[in-house]
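Put chain B on the given structure of chain A with help from the hints.
Number of protein chains: 2
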Amino acid sequence: MKKRAITPTREEDFPNWYQEVIKAAQLAEHSPVRGCMVIKPWGYSIWENMQALMNSEFRKRGVENAYFPLFIPLSYFEKEAEHVEGFATECAVVTHHRLKKNSEGGLDPDGELEEPLVVRPTSEMIIGETFSKWIDSYRDLPLKINQWANVVRWEMRTRLFLRSAEFLWQEGHTAHATAEEAMETAREMLDVYETFAREVLAIATIPGEKSEAERFPGAVNTFTFEALMQDCKALQCGTSHYFGQRFAKASNIEFQSAEGGSQFCYTTSWGSTTRLIGAMVMTHGDDDGMILPPRVAGKQVVIIPIVHKEEMRAKVMDYCERLKEELDATVHIDTRDMRGGEKSWDWIKKGVPIRIEVGPREVDEDKVCLCMRTKEHKDKAFPTRSELVANISNYLDEIQQTLLDRSEKHLKENTHRILEQKDFDALFAGKGGFALCPWGGDRTLEEKIQKERGLTIRCLPFAHQGEKAKCFFTGSETTTWAVFSKAY
Amino acid sequence: MKKRAITPTREEDFPNWYQEVIKAAQLAEHSPVRGCMVIKPWGYSIWENMQALMNSEFRKRGVENAYFPLFIPLSYFEKEAEHVEGFATECAVVTHHRLKKNSEGGLDPDGELEEPLVVRPTSEMIIGETFSKWIDSYRDLPLKINQWANVVRWEMRTRLFLRSAEFLWQEGHTAHATAEEAMETAREMLDVYETFAREVLAIATIPGEKSEAERFPGAVNTFTFEALMQDCKALQCGTSHYFGQRFAKASNIEFQSAEGGSQFCYTTSWGSTTRLIGAMVMTHGDDDGMILPPRVAGKQVVIIPIVHKEEMRAKVMDYCERLKEELDATVHIDTRDMRGGEKSWDWIKKGVPIRIEVGPREVDEDKVCLCMRTKEHKDKAFPTRSELVANISNYLDEIQQTLLDRSEKHLKENTHRILEQKDFDALFAGKGGFALCPWGGDRTLEEKIQKERGLTIRCLPFAHQGEKAKCFFTGSETTTWAVFSKAY
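Protein chains in written order, with my numbering: chain A, 132 to 619; chain B, 132 to 619.
The following block holds chain A by itself, in its conformation from the complex (with noise of 0.2 angstroms):
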């Protein structure tokens, strides 16, 4: 067998390629602070194009960017019960506000505060006390706030940008004067995620509702959509929340009406995380490393020039710095003083979706080598330089399809309909998978099954509601079909 970039392999064993693919790609690394990771340069340039992109889809929709404090009083996260209850397991807490000397010449915490403060584990206290003061009449509504922000909640196993005590995010909070604006929005960005998982990183996902179990702390309504990664188990992408009126009473959201009166506003909230770079690694990528969908690449193409002998090196560079300027995409020459070889594994391990070669020969004949890092490595072509410069953005939409069409493939492929409980039992002694199944259960019995069999219900899909069928976990007759898998 060939040797591959990445070991182990993933067949071999995923969780530790995936490690090791993070660790090859330089995306990022586990940082003395326990829990907490450090994003490097070619992870966090992801992370950049994401916010880009995902802000000029918030701003479409009436969005506006905003920065709210990182700590929340406690008296303040108390204010919603269930939402508390939540997070309180997790929550990294400030009690003081300065350090002294001790006897032994180390530090120690001093100066106790009054009150101990949370660090942000998600805003909805202190962003809804801050809606209560900029709301007083129905024509400040709809108002829809996001921001990008580090959120902590405090985790014993961590995994790389899948689960961390510190990670980076975006939540969005809005306010409206109807129940049902504030669902429709609430779904409305669940389908900007979707679209957003789908068309830029290249994710085929199953959206859904989340069955009570599974819900966010303190909402009414929790809506999610869920990818298959490789390996068949589930990754939950993000998540929208209705909360009808709930969060308004606990935080005193309160509007005029036009007909006059005061009336509690309905509220959403629904955020993203930098796990959508794990996402893509175990969706994508191969046994060599990251695939990177060119549409979030922080380098689209990378030019490795070719010069074995030094008065090549002008001529050579020269036409690489010309082909840059004519290629209309993000293009990177890579002038580092390795071996070309070493080159080609660097950007193959990173995910780099175009890989070109310029040496003294493809100048002479005018044209270049172009590796595809969806195709096999030998699987090299030779266009001319005009018909690259012609065709680069094609190149790159192939890249960005043939991504999405093996995710779509394998999410089809191994969702399941399933109506025996024997069908259900050897999906999951097998390699598991999406498994679609009439639900009759409680959250009683779900849990129960999460305790025994590590499954949970993933989401409740809304392309397969209301068909009437048996549920087999409870005999009982259902429209209701849930998707159980095993998750990150």
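Keep in mind the hints are simulated off the structure, nothing from the lab.
There could be a bad hint or two in this list.
Below, simulated DMTMM-like cross-link-like pairs (lysine to aspartate or glutamate); rule was C-alpha separation at most 25 angstroms, straight line [claimed, not checked]:
#1 A/231 - B/216
#2 B/231 - A/286
#3 A/191 - B/477
Nothing here was measured: the structure is a model prediction, and the numbers come from that model.
Okay, now just chain B, sitting in the frame of chain A:
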């Protein structure tokens, strides 16, 4: 006297004028969390524009963005003695990682951490630790990394943008093989800042070196650029530090040199913050509110449709939409259901550089009413549409230049070369400003002057060193010149 939008005026009460402008321009507000602010959409859009423009300057110089942990373990923080001493009195400290119910039904911190975590006041120690892993050989140098992040420095007396417990900033960190290259980078980044302040924010500053008393904790040299607000108090706009090998030794940042053998790196860091928004308010604002330099305005042009009769609406709106398409600028059409006068004042207070009013008469005559924020409000021009379209960038450039001219004039008029004690005393008994004086004193004398008179050395300006003169504080001959001022 004419009624102005802001009460009090600058002359009546500058500090309160500042607070009122921030409020009227909807830039930011105090949050319920002591010392933390909420940056409102208008203020945040300015910050986003600043980020984009600075990122582009950083990128040109080979700086890459990354992200590092919010928390710093106490033991890391302690590695550089002067550094920790400088920040110990203003650190938010996380001591617990969950909450538990107390006997009264409230919540208490629970799960005490073995080692407390400091919420980063700056990231030298955590980034230094990471650099020590990233750098092996001279081939890895120079390493130039920037992060956009929130930091926390506990403050008891806070002022929006100028001084708050949490603020947003960028912090650049670089490592080099030689002292010369590191020093050059520290100076280069100060130039980047100073140019950015002048050309984008239209703020004239005096760049120079900090005196020992004002140096960043642990730095060998700190460079700064100091602006003079309209009340003749100084504002430090950003700093760049040369660390020599001090932080490299504390964090073990070593490299194998080209000649073989292990050496410590030379490092720098440099930062600028949301404080720059406050600097713009206090530099450009007038008694009607903020004035935004066009190059950093979220909206450069606001079109206000004036529709008194409903049947005219479509005609006016079509004209406005067409105008928006034609103008080479960031244009917003204000379609809110408010009176035109109210809208105008809203954008005046927010500081939008150009307002354009369009009513049915303007449509009929194919011309517009043009108001520039740097002129008196009654000073309106009535260019034809094609004149406006042809000249819009000239108008914006004119505003940008006017603001810079005013800032330079103010700086020049209020910077005094002072050679005698009595002139120094007279200046600070009066309206204050920058006093450029020969300086032969030491840290002790500087601290005495600060304590007794509230005056600090803002910088030893680059442009005024070397000339021999007598220091009137000490009577000694010196070639060092210092700029004294009261400061924010």
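Results for each hint:
At roughly 9 angstroms between alpha-carbon atoms, residue 231 of chain A and residue 216 of chain B fall within 25 angstroms of each other, so this suggested pair holds. A distance of roughly 17 angstroms separates the Cα atoms of residue 231 of chain B and residue 286 of chain A; the hinted pair therefore holds under the 25 angstroms criterion. Taking the CA atoms of residue 191 of chain A and residue 477 of chain B, the gap is near 23 angstroms; set against the 25 angstroms cutoff, the hint holds.
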